[in-house]
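Asker: Each chain, written out:
2 protein chains.
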Amino acid sequence: MSYQQIDSRRLDTTFAALSDPTRRAILGRLAKGETTVSELAKPFKMSQPAISKHLKVLERAGLISYSQIAQSRPRKLEVKPLKEASVWLEEFRRFWELSFGRLDSLLEELKIEGEQKKGKSQKSNKTTKGKKNAK
Amino acid sequence: MSYQQIDSRRLDTTFAALSDPTRRAILGRLAKGETTVSELAKPFKMSQPAISKHLKVLERAGLISYSQIAQSRPRKLEVKPLKEASVWLEEFRRFWELSFGRLDSLLEELKIEGEQKKGKSQKSNKTTKGKKNAK
Numbered sequence: 001m002s003y004q005q006i007d008s009r010r011l012d013t014t015f016a017a018l019s020d021p022t023r024r025a026i027l028g029r030l031a032k033g034e035t036t037v038s039e040l041a042k043p044f045k046m047s048q049p050a051i052s053k054h055l056k057v058l059e060r061a062g063l064i065s066y067s068q069i070a071q072s073r074p075r076k077l078e079v080k081p082l083k084e085a086s087v088w089l090e091e092f093r094r095f096w097e098l099s100f101g102r103l104d105s106l107l108e109e110l111k112i113e114g115e116q117k118k119g120k121s122q123k124s125n126k127t128t129k130g131k132k133n134a135k
Numbered sequence: 136m137s138y139q140q141i142d143s144r145r146l147d148t149t150f151a152a153l154s155d156p157t158r159r160a161i162l163g164r165l166a167k168g169e170t171t172v173s174e175l176a177k178p179f180k181m182s183q184p185a186i187s188k189h190l191k192v193l194e195r196a197g198l199i200s201y202s203q204i205a206q207s208r209p210r211k212l213e214v215k216p217l218k219e220a221s222v223w224l225e226e227f228r229r230f231w232e233l234s235f236g237r238l239d240s241l242l243e244e245l246k247i248e249g250e251q252k253k254g255k256s257q258k259s260n261k262t263t264k265g266k267k268n269a270k
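Respectively, the protein sequence lines represent chains P and A. Position one of the first sequence corresponds to residue 1 (the working numbering), numbered consecutively onward. Position one of the second sequence corresponds to residue 136 (the working numbering), numbered consecutively onward.
Hints were generated in silico from the structure; no laboratory data involved. A hint or two may mislead.
Chain P stretches covered by chain A per the calculated footprint, using a threshold of three residues with CB under 8 Å from any CB of chain A [stated by the list, open to error]:
| no. | segment |
| --- | --- |
| 1 | 17 to 29 |
| 2 | 35 to 49 |
| 3 | 55 to 61 |
Lysine-lysine pairs mimicking DSS-like chemistry, simulated, CA-CA at most 25 Å apart [what the hints assert, rightly or not]:
| no. | chain 1 | residue 1 | chain 2 | residue 2 |
| --- | --- | --- | --- | --- |
| 4 | P | Lys83 | A | Lys188 |
| 5 | A | Lys211 | A | Lys177 |
| 6 | A | Lys215 | P | Lys83 |
| 7 | P | Lys83 | P | Lys45 |
| 8 | A | Lys167 | A | Lys188 |
| 9 | A | Lys188 | A | Lys177 |
Cβ coordinates follow ideal geometry from the N, Cα and C atoms, glycine included.
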């Protein structure tokens, strides 16, 4: 999948759906396997209608689906929109890799510089001590 | 950066900021280099106040920053929140890799099966033709 193939309206609904911690937690739970609404509601201090509202947002965004056959209609994670969101973000990867790469090399430089200074001061200490001993 | 180190509230504002096509386009433009608000507004059929509103959302989400010194206050891309959003999504990577991997192997199987059938039917055609010629 390339950057150009991503549907912009789908990105709108995916990112909007992901902007809530409960909805992200629901997706995290569904990543462990499909489950029922009552099971999904358990870890949250929320009423089942409140959870159902979040589930509707996720369903509309195509991030979850459910089986019509079973009475409990277990919810299932749908990863395609997540993949698209990830592909969109990947376009910016070179920026954080560049900036963190730069930071790494800067820290490395400072470390070497620090060690060199330490080395010099130890040498000069030895010289001073040597001179002192010679006195 | 690990999954656990990500601030959940920051993910809320990052994903909310990314849920709009104009804001995503602004980030895409800033990926090419820092620029002024009037330059950012040019490709959009929008008033400058409307663009400024979007910029405020991006600023509050920490996705862009601006220089206080220059009169034009050029805007600059800040990638850290994008990286965090990407790290969050990476947790689901194994799912799309698995599902697409499965699809690939299924397609490969069908291809091989198809070729085998084709091969068999060509052989049987040859046999039939051979028989016909013998008659």
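Asker: With reference to the structure, classify each hint as holding or not holding.
Answerer: Each hint, compared with the structure:
| no. | hint | in the structure |
| --- | --- | --- |
| 1 | 17 to 29 | holds (count 7) |
| 2 | 35 to 49 | violated (count 0) |
| 3 | 55 to 61 | violated (count 0) |
| 4 | Lys83/P x Lys188/A | violated (29 Å) |
| 5 | Lys211/A x Lys177/A | holds (17 Å) |
| 6 | Lys215/A x Lys83/P | holds (20 Å) |
| 7 | Lys83/P x Lys45/P | violated (30 Å) |
| 8 | Lys167/A x Lys188/A | holds (21 Å) |
| 9 | Lys188/A x Lys177/A | holds (15 Å) |
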